[in-house]
Amino acid sequence: MERKRTDCPALPPGWKKEEVIRKSGLSAGKSDVYYYSPTGKKFRSKPQLARYLGNAVDLACFDFRTGKMMPGKLQKNKQKFRHDALSLAKGGKPDLNTALPIRQTASIFKQPVTKVTSHPGNKVKTDLQRAVEPPRQLFWERRLRGLRSSDVSEEVLHAMELPKGLQGIGPDSSDDVLLSAIASALHMSSTPITGQTSVAAEKNPTIWLNTAQPLCKSFTVTDEQIREQELKVYQARRVLEEALTADGLARAAENSRVPLRGKTA
DNA sequence: CTTATCGGCCA
DNA sequence: TGGCCGATAAG
Numbered sequence: 001m002e003r004k005r006t007d008c009p010a011l012p013p014g015w016k017k018e019e020v021i022r023k024s025g026l027s028a029g030k031s032d033v034y035y036y037s038p039t040g041k042k043f044r045s046k047p048q049l050a051r052y053l054g055n056a057v058d059l060a061c062f063d064f065r066t067g068k069m070m071p072g073k074l075q076k077n078k079q080k081f082r083h084d085a086l087s088l089a090k091g092g093k094p095d096l097n098t099a100l101p102i103r104q105t106a107s108i109f110k111q112p113v114t115k116v117t118s119h120p121g122n123k124v125k126t127d128l129q130r131a132v133e134p135p136r137q138l139f140w141e142r143r144l145r146g147l148r149s150s151d152v153s154e155e156v157l158h159a160m161e162l163p164k165g166l167q168g169i170g171p172d173s174s175d176d177v178l179l180s181a182i183a184s185a186l187h188m189s190s191t192p193i194t195g196q197t198s199v200a201a202e203k204n205p206t207i208w209l210n211t212a213q214p215l216c217k218s219f220t221v222t223d224e225q226i227r228e229q230e231l232k233v234y235q236a237r238r239v240l241e242e243a244l245t246a247d248g249l250a251r252a253a254e255n256s257r258v259p260l261r262g263k264t265a
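Residue 1 is where the first sequence starts when you use the UniProt record's numbering, and the numbers rise one by one after that.
It should be emphasised that the hints constitute simulated quantities derived from the structure, not laboratory data. Note that beta-carbon positions come from the ideal geometry of N, C-alpha and C, so glycine has one too. Please note that a few of the clues may not be correct.
[What the hints assert, rightly or not] Here are the computed lysine-lysine pairs in the DSSO-like style, where the Cα-Cα straight-line distance is at most 30 angstroms:
1. K203 x K217
2. K68 x K16
3. K42 x K68
[To be verified] Distance windows between CB atoms, simulated:
4. S174 x K23: 49 to 55 angstroms
5. D7 x E241: 54 to 60 angstroms
6. C61 x L240: 50 to 56 angstroms
7. E224 x M160: 18 to 24 angstroms
8. C61 x S198: 39 to 45 angstroms
9. S45 x D176: 48 to 54 angstroms
10. Y36 x M70: 20 to 26 angstroms
11. Q225 x D7: 45 to 51 angstroms
12. K4 x K164: 54 to 60 angstroms
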């Protein structure tokens, strides 16, 4: 039968859409819509698609059946930003359509962006040292609770472990929120990450919190720990390099390297 | 075993 | 109803 996979402009390049009409049974005539990733994996529902695309694409306005973005079709969802303890405990899942404030590039670190204008005088914006960080909600990190990373087959990856002795501050000092807070700080801050240095913040974080720092007590990183970490990274890169060399892609690994030091005091 | 297809639950 | 996903038949 006619297996027509059409391009889907609303999705990243390479994604295909297919609609098949049921030709027998009680539901004959009904149609099912499928999507195919650039690698050929089949998707048969919007939640499944959202899990896979994660924050790379915001599917809030995406109509799965038609394959088009429908502005104003913001899903009559009154309040869908309730992934707090209550809704999660009730069995609610985190909103997978929500885009996190995380840059979607290969590197998690800030990097210059090439602005392509018409032609002449293309300039590279060397991240203007913003004088003030934009305002953020107090304890906004709590919204990141419950997020899990998973691989392309949707298997949930094991959670990262935090070093012993790292202590959270503020409401809900669970480990996953703490991890999110520190990871976010590393993403977004251009200054060293020290944790909360004011002792007062431990007693009343609502007042004394340094919002430029993650929600944890101050910590120190020893040279020894840095050396250990560098060794881990070095070894991981060796493994990656060998794997890529087998594919003749070693140069790609070289070019994607990122400075090792420079974060944390 | 993997994949295609329809049933059927649930909002 | 239509979306979503389990069941089951088909390869």
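Results of checking the hints against the structure:
no.	hint	result
1	K203 x K217	holds (11 angstroms)
2	K68 x K16	holds (12 angstroms)
3	K42 x K68	holds (18 angstroms)
4	S174 x K23: 49 to 55 angstroms	holds (51 angstroms)
5	D7 x E241: 54 to 60 angstroms	violated (36 angstroms)
6	C61 x L240: 50 to 56 angstroms	violated (37 angstroms)
7	E224 x M160: 18 to 24 angstroms	holds (21 angstroms)
8	C61 x S198: 39 to 45 angstroms	holds (43 angstroms)
9	S45 x D176: 48 to 54 angstroms	violated (27 angstroms)
10	Y36 x M70: 20 to 26 angstroms	holds (21 angstroms)
11	Q225 x D7: 45 to 51 angstroms	holds (49 angstroms)
12	K4 x K164: 54 to 60 angstroms	holds (57 angstroms)
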